[in-house]
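Novice: Top line first, the protein sequences correspond to chains W and X.
Following this note's numbering from start to finish, the first sequence increments by one per residue and tops out at 400.
Following this note's numbering from start to finish, the second sequence increments by one per residue and tops out at 580.
Calculated directly from the structure, the hints in this document are not laboratory data.
Predicted model, so just to flag it, every value in this text is computed and none were measured.
Even glycine gets a Cβ: it sits at the ideal position worked out from N, Cα and C.
Possibly wrong hints are sitting among the right ones.
Some chain X residues judged to face chain W by a derived CB distance under 8 angstroms, without partners named [as the list claims (entries may be wrong)]: (1) Ile477; (2) Ile483; (3) Thr485; (4) Ser486; (5) Val487; (6) Tyr497; (7) Val498; (8) Glu502; (9) Ala504; (10) Arg505; (11) Arg511; (12) Ala514; (13) Phe544; (14) Gly566.
Here's the letter readout for the chains.
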Amino acid sequence: MQDLYARLLRYDFAARRLSAAETGLEPEPDAYLALRVRDIRSDGGAAGDQAAAEASSGLTIRLERQTQCYKGDPCHASYVVGWDTGDGGAASQAVTGTVAGPVVRVTTYQVTLTLAGETREYTAQVRYHAAPEGGGILPEVVDPVIPGLQQLVDDRTPLATPRWDTYVRTRRYAAVVQRLKGLTRAGKATPPGRRPIGFLPGDDVTPQDVAMAMMAPGEPCGVDYCTGRANGDWCPDEGNPSCSVDKCRAGTCEHTEVTTVSPHSPDPYPVDIGNLTAGTQAALTCFQQAIQNIGGSIVVTSGFRPQSYQDHLREVWDKWQLIAGWPEAECANVKSAVEAEWDRHDLKYRPAAQSNHTVERNAFDANVSVPPGQNEDTLGAGCGLSRAVPGDWVHWVFGG
Amino acid sequence: MLRWTIALVLAASSLVVVLRGGQDRCDGPTQSVRVTAQQVSGTPPTYTLLVTNTATAPVRAIVIGGGGDDPQALPIIGLAFNIPTSVRAPRGWAGEYVFGEESARLTYVWRAGAPAAEIAPGQSATGFTLVLPPVPPGRAKQLFNRVEVTQVNFDGTPFLARLSDGRCVWGKTGVDLLRR
Chain W
1 MQDLYARLLR YDFAARRLSA AETGLEPEPD AYLALRVRDI RSDGGAAGDQ AAAEASSGLT
61 IRLERQTQCY KGDPCHASYV VGWDTGDGGA ASQAVTGTVA GPVVRVTTYQ VTLTLAGETR
121 EYTAQVRYHA APEGGGILPE VVDPVIPGLQ QLVDDRTPLA TPRWDTYVRT RRYAAVVQRL
181 KGLTRAGKAT PPGRRPIGFL PGDDVTPQDV AMAMMAPGEP CGVDYCTGRA NGDWCPDEGN
241 PSCSVDKCRA GTCEHTEVTT VSPHSPDPYP VDIGNLTAGT QAALTCFQQA IQNIGGSIVV
301 TSGFRPQSYQ DHLREVWDKW QLIAGWPEAE CANVKSAVEA EWDRHDLKYR PAAQSNHTVE
361 RNAFDANVSV PPGQNEDTLG AGCGLSRAVP GDWVHWVFGG
Chain X
401 MLRWTIALVL AASSLVVVLR GGQDRCDGPT QSVRVTAQQV SGTPPTYTLL VTNTATAPVR
461 AIVIGGGGDD PQALPIIGLA FNIPTSVRAP RGWAGEYVFG EESARLTYVW RAGAPAAEIA
521 PGQSATGFTL VLPPVPPGRA KQLFNRVEVT QVNFDGTPFL ARLSDGRCVW GKTGVDLLRR
């Protein structure tokens with residue numbers, strides 16, 4: 001029963017937030033419903049059947065259920081809560097008699113209710129009825145001030161969230177909907193296990209669920225979603241079953257499809273000295289001899305590269321940048337494949353579109369070690385070689 | 401002490417080879433994946449790695465010498481004494497060594513060929529074996545870019561573990577060295 005009141009408070013809050021988003025008018029602090037339940041006592045059915053909730057007198061609370069629905073997804077709800085002034089609209093609902101069967105147990109409790117500056121203190125009950133034909137125990141809430149409270153007993157609708165038109169384009173919404181559909185398929189109203197008082201489906205959606213959530217096919221591109229958002233912020237999936245990375249750019253949700261890296265054979269490309277220019281080959285031989293003469297060592301790790309291999313390296317870099325931090329399940333296979341390529345090449349920089357390994361054929365990569373007092377740059381210069389790129393200690397260029 | 405000196409000099413010389421570009425940000429240092437090297441031979445230096453997975457997802461790849469956002473983690477420099485003469489892998493895995501493109505770094509990479517071979521949570525796998533070249537007397541320490549480098553012995557070497565849920569974690573290896 002505390003759960004029931006807790007949910008009512010949440011639905012009331014949701015309705016006021018929706019209204020504020022629509023009108024731009026923030027509700028006064030005391031406009032929200034406030035409830036306190038105490039002195040909870042259970043009695044046997046016989047006594048309880050005779051007991052009655054405090055007779056309703058004066059104003060009662062009217063509940064007006066609102067639903068927000070999007071396409072064929074499960075709806076979300078809120079309840080507009082207000083004093084029933086009797087000026088039409090939904091009439092006060094029946095206090096009792098909504099549940100059939102004999103009362104087998106009664107729980108009585110005291111309620112203090114405040115709304116819009118008005119406070120009521122009263123006694124209310126939950127009457128437990130034995131359902132016909134062994135159908136279990138059915139609760140009936142008899143609240144003389146909130147006569148429509150019974151309708152919340154079975155209402156496990158997720159909270160409507162402002163702004164609704166924006167919310168339905170978020171991954172959180174998608175995650176909540178996917179959770180609800182999962183519960184429906186399982187024939188459950190709520191997830192199994194203990195849940196906190198006031199729990200509603202969707203409360204248990206985790207950040208990981210949100211990250212993994214996919215929007216339904218046919219979802220409009222989230223142009224609105226990206227308005228005012230930073231470049232690179234995630235935005236809703238467009239529903240394409242293939243792997244796409246969805247990020248805001250210049251206020252628009254861009255969906256960049258990522259595929260596996262085109263294979264290259266052989267991969268990695270072997271160290272190819274023979275296709276460097278004759279001058280570069282001679283310079284390398286000179287350099288190796290000079291290093292050997294002083295007791296140093298040299299390991300050549302890359303020589304000539306075909307353009308196709310340079311393109312392959314560039315593709316590995318570009319695709320890894322796109323997908324490295326992307327957690328969507330639809331990208332798992334692509335990510336695994338790109339990851340394997342990334343680890344195979346261990347790239348430090350984005351490879352140039354055209355390299356002097358490829359076009360001029362006058363460059364090679366080598367790790368060089370020389371004894372103390374020697375200088376590899378001096379030795380290289382003696383062979384016409386230099387390290388032309390600051391910070392790139394392995395890239396030697398002939399005639400550079 | 402020597403290791404810290406090297407790390408500082410490396411950082412000062414702008415040879416930031418342990419930091420990757422892009423978004424390959426891994427959590428660490430991790431305790432959820434542990435890599436321990438056991439030296440099984442001194443000549444040639446031979447190490448077998450034990451990988452223990454206490455993470456929540458299977459391990460599908462291990463990169464030794466790679467990964468990690470720890471600027472003090474020492475890379476493996478691709479000098480001759482660090483180039484394996486043999487890389488062996490447990491059943492269902494493949495191992496190789498990788499020269500970083502445009503970088504002096506060398507990594508040892510093992511990857512599972514299929515999900516069935518991955519190291520499940522709570523499981524360990526061994527058989528990741530490296531045979532390194534013997535180091536001739538007088539060649540145990542070499543200068544690379546005026547920084548002293550020794551043959552890798554897996555004492556605090558950075559590693560990166562790839563998990564099958566797409567995450568990655570990094571840590572440092574431990575080693576059980578042979579007594580000389």
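Novice: The structure should be examined with respect to each hint, and the outcome stated for every one.
Specialist: Do the hints match the structure? See the list:
1. Ile477: holds, 7 angstroms
2. Ile483: holds, 7 angstroms
3. Thr485: With a minimum Cβ separation of about 14 angstroms from chain W (threshold 8 angstroms), the hint on Thr485 (chain X) is violated.
4. Ser486: violated, 17 angstroms
5. Val487: violated, 13 angstroms
6. Tyr497: Violated - the Cβ of Tyr497 (chain X) stays beyond 8 angstroms from chain W, reaching only about 10 angstroms at its closest.
7. Val498: holds, 5 angstroms
8. Glu502: holds, 6 angstroms
9. Ala504: holds, 5 angstroms
10. Arg505: holds, 6 angstroms
11. Arg511: holds, 6 angstroms
12. Ala514: violated, 11 angstroms
13. Phe544: holds, 5 angstroms
14. Gly566: Hint holds; Gly566 (chain X) Cβ to chain W Cβ min 6 angstroms, cut 8 angstroms.
Hints 3, 4, 5, 6 and 12, counting from the list given before, are not met by this structure.
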